[in-house]
Amino acid sequence: MAIANEYKKPLPTPSAVSRPFWDAAKEHRLVYQRCRVCGTRVFYPRDVCPGPECFGIGTLDWVESSGKGWVYAHTISYQPAHPGFADDVPYVLAIIELDEGWRMSSNVVNVDPRDVRIGMRVAVVWDDVTEEFSLPKFQPEQ
Amino acid sequence: MPDTLRGKAAIVGIGELKPERTRPGRDAMSLLAEAAYLAIQDAGLAKSDVDGLIVDEGMLGGGSGYCAKMAEHMGIFPTWATGCDAQGAAAVVMALQAAAYVNAGLANFVLCGMSAAIDPGARRRPPAAGTETATSEFQAPFGPTVAANGWYAMIAQRHEALYGTTVEKRAKIAVDLRYNANHNPLAYFHDTPLTVEDVVNSRIVADPLHLLECVMPCAGGCAFVVTRAEIARSLRHPPAYILGGGLGVPRNNLAHLGEITIAPVGRAAKKAFAMSGYAPSDVQVMEIYDSFTITVICELEDSGFCPKGEGGDWIQEHDLTFKGDRPLDTHGGQLSCGQASTAGGCAQVTEAVRQIRRDGGAHQVPGPADLVYVTGSGGYFSQQSAMVLGSAAAL
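From first to last, the protein sequence lines are chains A and B.
Last residue of the first sequence: number 142 in the numbering used here, and the count goes up by one each step with no gaps.
Last residue of the second sequence: number 395 in the numbering used here, and the count goes up by one each step with no gaps.
It cannot be assumed that every hint is accurate.
Selected chain B positions facing chain A (Cβ under 10 Å, derived; list incomplete) [to be verified]:
| # | residue |
| --- | --- |
| 1 | Ala156 |
| 2 | Ile204 |
| 3 | Leu209 |
| 4 | Leu254 |
When the alpha-carbon atoms are kept at most 25 Å apart in a straight line, the in silico SDA-like pairs for lysine to any residue are as follows [unchecked claim]:
| # | chain 1 | residue 1 | chain 2 | residue 2 |
| --- | --- | --- | --- | --- |
| 5 | B | Lys69 | B | Asn108 |
| 6 | B | Lys308 | A | Lys68 |
| 7 | A | Lys68 | A | Asp128 |
| 8 | B | Lys271 | A | Glu53 |
| 9 | B | Lys308 | A | Arg117 |
| 10 | B | Lys47 | B | Gly105 |
| 11 | A | Lys9 | B | Lys271 |
| 12 | B | Lys270 | A | Pro52 |
| 13 | A | Lys68 | B | Leu257 |
| 14 | A | Lys9 | B | Thr131 |
| 15 | B | Lys270 | B | Glu310 |
| 16 | B | Lys271 | B | Gly7 |
| 17 | A | Lys8 | B | Thr131 |
| 18 | A | Lys9 | B | Ser136 |
| 19 | A | Lys9 | B | Gly379 |
| 20 | B | Lys323 | B | Asp282 |
| 21 | A | Lys9 | A | Pro90 |
| 22 | A | Lys68 | B | Ala161 |
| 23 | A | Lys8 | B | Ala147 |
| 24 | B | Lys172 | A | Tyr78 |
| 25 | A | Lys68 | A | Val17 |
| 26 | A | Lys68 | B | Leu162 |
| 27 | A | Lys26 | A | Val109 |
| 28 | A | Lys26 | A | Asp47 |
| 29 | A | Lys9 | A | Ala86 |
| 30 | B | Lys47 | B | Met29 |
| 31 | B | Lys270 | A | Glu53 |
| 32 | A | Lys9 | B | Ala147 |
| 33 | A | Lys9 | B | Val146 |
| 34 | A | Lys68 | B | Ser136 |
| 35 | A | Lys9 | A | His82 |
| 36 | B | Lys308 | A | Tyr72 |
| 37 | A | Lys26 | B | His256 |
| 38 | A | Lys26 | A | Asp99 |
| 39 | B | Lys323 | B | Arg358 |
| 40 | A | Lys9 | A | Phe133 |
It should be emphasised that the hints constitute simulated quantities derived from the structure, not laboratory data.
No residue lacks a Cβ here, since even glycine has one placed at the ideal position from N, Cα and C.
Next up, chain B with everything else stripped away, as it sits in the complex:
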């Protein structure tokens, strides 16, 4: 094993906007700037301390020069800036990129962030035909799916056929996460409880997925700051150390290759756990990317928390609430917080940091939170990331 990043970098500042259905008058740069300012202040830094920047390529709606545009917009002057094109896997990937950069001498404080604007009054781009890429040419003519619903529905359908993972079983994810959200004031569904019956009786969007098994698109933003471990120790919050990480990229398009119920996070998790020196059984808190109920189930299986095919039963046997024996998505997940595009996955990283700091307030896990497993998921099982974060006690 080469000399790895284990314990050499930490997340020292976090910023997160509450997801809302719309943010009138706010564009993506504005929302990212607000989340970034919160993260920089949370770290106890000045804007002028930030010398590294990683921005989500998807965020600014195409075009080039997004790092420079974003730096200019915020009035920061980095000496190192790159993009990250990992869709929903991006937040974890950015943290790992940043950890590498600060340990390679390219920057001291790397700001990572993403946002999503939904502004009813904004200028709209003309809709693209959507059949102009090598793969969309062979998808769109047959009836495109709403967001990724159709693709995840096919994964769920197959998982149900192979392993009996019915909606009644899958619903537990949504219900336990909602309990967590009911204790998180930053969650969109903070005030709305949820039962298994509610999920099962919600309308079918793409068979077999029901509406309440799917994330709701929101506007929002999320950001964090990464620095080297020795600098992190001198800052105001207990550092959340990056202990290991990885990314798995099996394909872009689900239609063409491989067993589709296998979550790409498997290879990422293997790498992340090996680097960290820990195993899934050591993990105390899980922040698992949750675009749909089935996403979480497949990720749990392929990350090594239970054998393949047993995820549906495993979640029945465990209490996934923040008070439970297997706390999962302690902030409520994207299913209950709302999904502000890639910033939704970023909230899984910032929540992990919050738990490690024991700063979760009403949704802080009562037990230890020194070792947290975080995942990200992009496209439709196109790329998934995994990261092990820990407190000083886990170093």
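Looking at chain A on its own, in the form it has when it is part of the complex:
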């Protein structure tokens, strides 16, 4: 048995469908899904296409993202719901829109929280939180 993990925050619980995302993350590659029938960009991971005109099942391919995008929306959290984040407040929760046109939740880091603005250009930065998991976070684009 390995030594008890010191990481105190929630970790992902990958499913068969989402596992490729976390495997790629471990290699510091940010991936999303794209439908080979209708082209819809998909996130969170699925095995059915949610494209408005599409009935694709098993038609979503994993594609690598540039990791670049912008802050679509954000908040500074002063009150963590999970005790693991107690030492992090205030921290930035954000919805990031990647340049390929898909969105994910994440944190904006390596910046004064008060300086984060909607529209701010950001790029992915990897947080290797455990041996198994690397979390994609975002920092102002260099």
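Using the hints, position chain B against chain A.
What follows is chain B alone, placed relative to chain A:
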């Protein structure tokens, strides 16, 4: 347009418990039973008259068979019972479900209700990891929000950036609603006044939302009874007729799709108003679901009371108190009554009924209350409901 429910069903009984921070020794079934008994008695009915039941799926903390459990708990024996899984949108959705059921011959008297228990001495379930669903797996690792605060903060932040809706503007919602609560003995903050300065100076929970822009979780319960219009006319109270309704479901998770400042109630409102034959300008009283100040502003805009982006200014131009030109959340809203989970939204329905009956006591609107617009909101702009209720004069 198909043959609709317009005017064919009415709410004839209401029951509501005063929200409290805790209700020691009381569980959700107990609180719902108490609210339900009040509603059945208010309608002038016996328990044995109730042949339909709609229960909030979320209320009993998971598991199946909640309708049967609740019926057994209360000693009622329905011949039709279903759940409703619409989160904060549930009360309006239940009323519309019930209206359909009583007009389809499935039941005559449908009891709808929900409750929330906060019992400091209760057995606790072990906390779940919270990362086991397809979407939470991609939220929780980044720092979950307290209730929905973080998500609504992002909506507020974006609304402020796009339209200049600052806390000074948003605060008017909290302040006008508090005035209403100060005239409602069932409101948690009945005895506490509130100023814009109080709101602006309260601590920031999730930037830009301040503490006094957010609902406070409470224990409580709320219920109502729906029947067909012709039966309703023979009962003891003036009926609150259901004139139209709808639900909008744009997504579950705010992060992944659409312009997040657009309230899903838009599509629900369009349907509700079309069915009712009325327009937003005809509405005399509004009971708008208020989880946060920003929720109300977006709902007003997307329901059609003012153009998109102008909600912050619109509320400055109008008096939203029960004595004002645009009475809104006349009971004080959930912001000032306290939010007993989905029962908080149910209080918006029961208050609409009270206003239509002209039974609001110290917070009864002085002007006409024959046409009332009610909304519900679930998740974080995940699903929102709209309903037009009216007196006999509005039929």
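Structure-based check of all given hints:
Interface hint at Ala156 of chain B: satisfied, since its Cβ lies 8 Å from the closest Cβ of chain A, which is below the 10 Å cut-off. Hint on Ile204 of chain B holds. Least Cβ distance to chain A is approximately 6 Å, under the 10 Å limit. Because the closest C-beta pair between Leu209 of chain B and chain A is about 8 Å apart, less than 10 Å, the hint holds. Of the supplied interface hints, the one on Leu254 of chain B holds, with its beta-carbon coming within about 7 Å of a beta-carbon of chain A, less than 10 Å.
For the hint pairing Lys69 of chain B with Asn108 of chain B, the CA-to-CA distance comes to about 21 Å; that is within 25 Å, so the pair holds. Annotation: proposed proximity of Lys308 of chain B to Lys68 of chain A is violated, straight-line Cα distance about 30 Å (limit 25 Å). Between Lys68 of chain A and Asp128 of chain A the alpha-carbon distance is near 19 Å, which keeps this suggested pair within the 25 Å criterion. Taking the CA atoms of Lys271 of chain B and Glu53 of chain A, the gap is near 23 Å; set against the 25 Å cutoff, the hint holds.
Of the supplied pair hints, the one linking Lys308 of chain B and Arg117 of chain A holds, its CA atoms being roughly 22 Å apart against a limit of 25 Å. Simply put, Lys47 of chain B and Gly105 of chain B have alpha-carbon atoms about 19 Å apart, close enough for the 25 Å limit, and the pair holds. Restraint check for Lys9 of chain A and Lys271 of chain B: the C-alpha separation of about 44 Å exceeds 25 Å, so the hint is violated. Between Lys270 of chain B and Pro52 of chain A the alpha-carbon distance is near 22 Å, which keeps this suggested pair within the 25 Å criterion.
The suggested pairing of Lys68 of chain A with Leu257 of chain B holds, with an alpha-carbon distance near 18 Å, which does not exceed 25 Å. Of the supplied pair hints, the one linking Lys9 of chain A and Thr131 of chain B holds, its CA atoms being roughly 11 Å apart against a limit of 25 Å. Taken as a hint, the Lys270 of chain B and Glu310 of chain B pair is honoured in the structure, with Cα atoms around 19 Å apart against an allowance of 25 Å. Between Lys271 of chain B and Gly7 of chain B the alpha-carbon distance is near 15 Å, which keeps this suggested pair within the 25 Å criterion.
Simply put, Lys8 of chain A and Thr131 of chain B have alpha-carbon atoms about 14 Å apart, close enough for the 25 Å limit, and the pair holds. For the suggested pair Lys9 of chain A and Ser136 of chain B, the alpha carbons sit about 13 Å apart, so the restraint of at most 25 Å is met. Among the hinted pairs, Lys9 of chain A with Gly379 of chain B is consistent with the structure: their alpha-carbon atoms are about 23 Å apart, no more than 25 Å. Of the supplied pair hints, the one linking Lys323 of chain B and Asp282 of chain B holds, its CA atoms being roughly 17 Å apart against a limit of 25 Å.
Distance restraint check for Lys9 of chain A and Pro90 of chain A: the Cα-Cα separation of roughly 16 Å lies within the 25 Å cut-off, and the hinted pair is therefore satisfied. A threshold of 25 Å between alpha carbons decides the hint, and for Lys68 of chain A with Ala161 of chain B the separation of about 22 Å falls inside it, so the pair holds. With a CA separation close to 20 Å, the supplied pair Lys8 of chain A and Ala147 of chain B stays within the 25 Å bound. A hinted pair counts as satisfied when its Cα atoms are at most 25 Å apart, and Lys172 of chain B with Tyr78 of chain A qualifies at roughly 23 Å.
Between Lys68 of chain A and Val17 of chain A the CA atoms are separated by roughly 24 Å; this keeps the pair inside 25 Å, and the hint holds. Proximity of Lys68 of chain A to Leu162 of chain B is assessed by CA-CA distance (about 23 Å); at most 25 Å being required, the pair is judged to hold. Between the alpha carbons of Lys26 of chain A and Val109 of chain A the distance comes to roughly 19 Å, so the proposed pair stays at or under 25 Å and holds. The suggested pairing of Lys26 of chain A with Asp47 of chain A holds, with an alpha-carbon distance near 21 Å, which does not exceed 25 Å.
Simply put, Lys9 of chain A and Ala86 of chain A have alpha-carbon atoms about 10 Å apart, close enough for the 25 Å limit, and the pair holds. Only pairs whose Cα atoms come within 25 Å are accepted, and Lys47 of chain B paired with Met29 of chain B is accepted, the gap being roughly 16 Å. Proposed proximity of Lys270 of chain B and Glu53 of chain A is supported: the alpha carbons are some 24 Å apart, at most 25 Å. Among the hinted pairs, Lys9 of chain A with Ala147 of chain B is consistent with the structure: their alpha-carbon atoms are about 17 Å apart, no more than 25 Å.
Of the supplied pair hints, the one linking Lys9 of chain A and Val146 of chain B holds, its CA atoms being roughly 15 Å apart against a limit of 25 Å. For a cut-off of 25 Å, the pair hint linking Lys68 of chain A to Ser136 of chain B stands: about 23 Å separates their Cα positions. With a C-alpha separation of about 7 Å, the suggested pairing of Lys9 of chain A with His82 of chain A holds against the 25 Å cut-off. For the proposed pair Lys308 of chain B and Tyr72 of chain A, the alpha carbon gap of about 19 Å is at most 25 Å, so the pair holds.
The suggested pairing of Lys26 of chain A with His256 of chain B holds, with an alpha-carbon distance near 23 Å, which does not exceed 25 Å. At most 25 Å may separate the alpha-carbon atoms for a hinted pair to count; Lys26 of chain A and Asp99 of chain A meet this at roughly 22 Å. The hinted pair formed by Lys323 of chain B and Arg358 of chain B meets the criterion: a straight-line CA distance of about 14 Å does not exceed 25 Å. Restraint check for Lys9 of chain A and Phe133 of chain A: satisfied, since their Cα atoms lie roughly 12 Å apart, inside the 25 Å limit.
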